[in-house]
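Protein chains in written order, with my numbering: chain G, 1 to 66; chain R, 1 to 444.
Calculated from the structure, these hints are not laboratory results. Misleading hints may appear alongside valid ones.
Keeping only pairs whose Cα atoms sit at most 25 Å apart, straight-line, the calculated DSS-like set for lysine-lysine is [said to hold, decoys possible]:
| # | chain 1 | residue 1 | chain 2 | residue 2 |
| --- | --- | --- | --- | --- |
| 1 | R | K257 | R | K323 |
| 2 | R | K255 | G | K55 |
| 3 | G | K55 | R | K323 |
| 4 | G | K55 | R | K249 |
Beta-carbon label-pair distances, calculated as ranges [stated by the list, open to error]:
| # | chain 1 | residue 1 | chain 2 | residue 2 | range |
| --- | --- | --- | --- | --- | --- |
| 5 | G | E56 | R | I296 | 49 to 57 Å |
| 6 | G | R41 | R | F344 | 54 to 62 Å |
| 7 | R | F344 | G | L58 | 25 to 33 Å |
Derived contacts from chain R toward chain G, CB cut-off under 7 Å, selection only [unchecked claim]:
| # | residue |
| --- | --- |
| 8 | A147 |
| 9 | N148 |
| 10 | H150 |
| 11 | S154 |
| 12 | L165 |
The beta-carbon is built from N, C-alpha and C at its ideal position, and this holds for glycine as well.
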Amino acid sequence: MSRNILVERIRQLAAADRNAFDVYNDLQNQVEDEGLALILREIAKDEARHMAVEKELLEFLTQQEG
Amino acid sequence: MKSRFLKEWLKIAEVILTFFIGATCIFYLLSLRWPLFLHISYHFIVSMLMIQAALTYWYTVRVFKREKFIPRLTSENKKIPRTTFIVTAYLPNEIEVVEKSILNILQNIDRPEDGIEVILAYNTPHMEPLELKLRGMVMQWPELILANAHNSRSKSENLNYALSLSSGGMTVLLDSDHLVARDCLRRAWRWLDEGYDVVQGRCKVRNADRGFVPQLVEVEFEGIYGIQHPSKSIIFDTTLFGGSNGYWKSSVIRKVKFLPQMLTEDIDSTLRGVLAGYRFVHDRSIISSELAPVSIWGLWFQRKRWAQGWFQCSFKYQSDIWKTQYLNFGQKFIWTTLLLWRVFYDVTSTFLFPVVFAFWLKEGAVKFPMNAYLGFALIFTLVSGPFQVIAAYKNASQPRGPLVRYIVYMLFVWPYTLFKTFVHMVAIRDELLGERAWVLSRRD
């Protein structure tokens, strides 16, 4: 796989994770069940972690390109 | 659906009652008290029609000849940066058209060295089978990004969301039905490289063979994008972003963004951009084709939203336009004709009919008062529309529609203008009564 395609794929995943983060974040505020809200909060945090790592990875790959 | 049309008919009845029957009674009563009142009103309205016609001649003559792009000394000759295409769609309704538009970008556009990305901005919670189809496209095209703007309720929010994901140095904004030309990025970048912040390209109707309404809109668009917008850009060095086929410096659009509460977020963002000192230019050689409404009701609802949005912007920004330091006198003049004058002209010109009806009531007979001035005004005004159509035909984008469509438009230009003025009246009524629900333009 070429580096360009890898970068584009990670961009796609970063956007998908951002979409998912927004949805989970909204859902955890909507549900009334405390246990469920806790699980959704954990998933939202997980998505946020993915986003952070993807950002670092993108910076690393684009710096290497430069 | 039926109740929506019934509601519109009731609004039309209200406007007829107020602007035509009510106004006729008022003009008649005033003429009984002051006999000269009708005479003065009639000449005033005719003079306004003449001013508007004179503007039409001016714009048309100025762009009658094609002009080639000449690079200015301010050009930095930088290479085209990585470009983000943002395509907004109302899914699931527009899936067929949007798929075609996205594939056109991914397969046909001349790419800059640093590549492109295509962000599909949408919002819908119920589209499982469609999302599978879109994910299939994403796997095939690594440059395609799906941006489902969760909880968004407007195109503006979808756009803002997509902007937050974008990584390009130039951003192209497109509606779901737009098929942009292969060379659009090269042509647009020339202007941004020269120092402009936004380039608006030309929009062309591609479904004119679908009936009478799209045929009218096809010729109308050749006039709007081939004459009116470029002439403003050439004469006054300002123009507007029309919502699609617009090329922005990404740093600028990220600052300007879009306001969800405005009915025409494109005009609103243009005005906020102009007031912040950003420069807009129109290039009629950057072509994108789109689908016009095919039914009269489709056209009605589309134009009503545009008219109401312009009306909102007219009152929100007119005084700021007069005060800003970023516009010169000519630019303030042209923006005034687009904002306050547009409202004042359409409302006042509507009173031509009540004035004539009141005159007939007063005289007790159907008479057309005529003198040399009125005769000249009549010819001067009536010829302005067909004159612009001739220029539009001459400068039409390729492939040009058949001549017969332009002749038909010439014959219908006055009824069509009256139709649009009437739509404007209903839009003003809606805005004044706080009715801001709008109907999605169908793209089939």
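Quick rundown of the hints versus the structure:
{"no.": "1", "hint": "K257/R <-> K323/R", "verdict": "holds, 22 Å"}
{"no.": "2", "hint": "K255/R <-> K55/G", "verdict": "holds, 22 Å"}
{"no.": "3", "hint": "K55/G <-> K323/R", "verdict": "violated, 43 Å"}
{"no.": "4", "hint": "K55/G <-> K249/R", "verdict": "holds, 23 Å"}
{"no.": "5", "hint": "E56/G <-> I296/R: 49 to 57 Å", "verdict": "holds, 55 Å"}
{"no.": "6", "hint": "R41/G <-> F344/R: 54 to 62 Å", "verdict": "holds, 56 Å"}
{"no.": "7", "hint": "F344/R <-> L58/G: 25 to 33 Å", "verdict": "violated, 52 Å"}
{"no.": "8", "hint": "A147", "verdict": "holds, 6 Å"}
{"no.": "9", "hint": "N148", "verdict": "holds, 5 Å"}
{"no.": "10", "hint": "H150", "verdict": "holds, 4 Å"}
{"no.": "11", "hint": "S154", "verdict": "violated, 16 Å"}
{"no.": "12", "hint": "L165", "verdict": "holds, 5 Å"}
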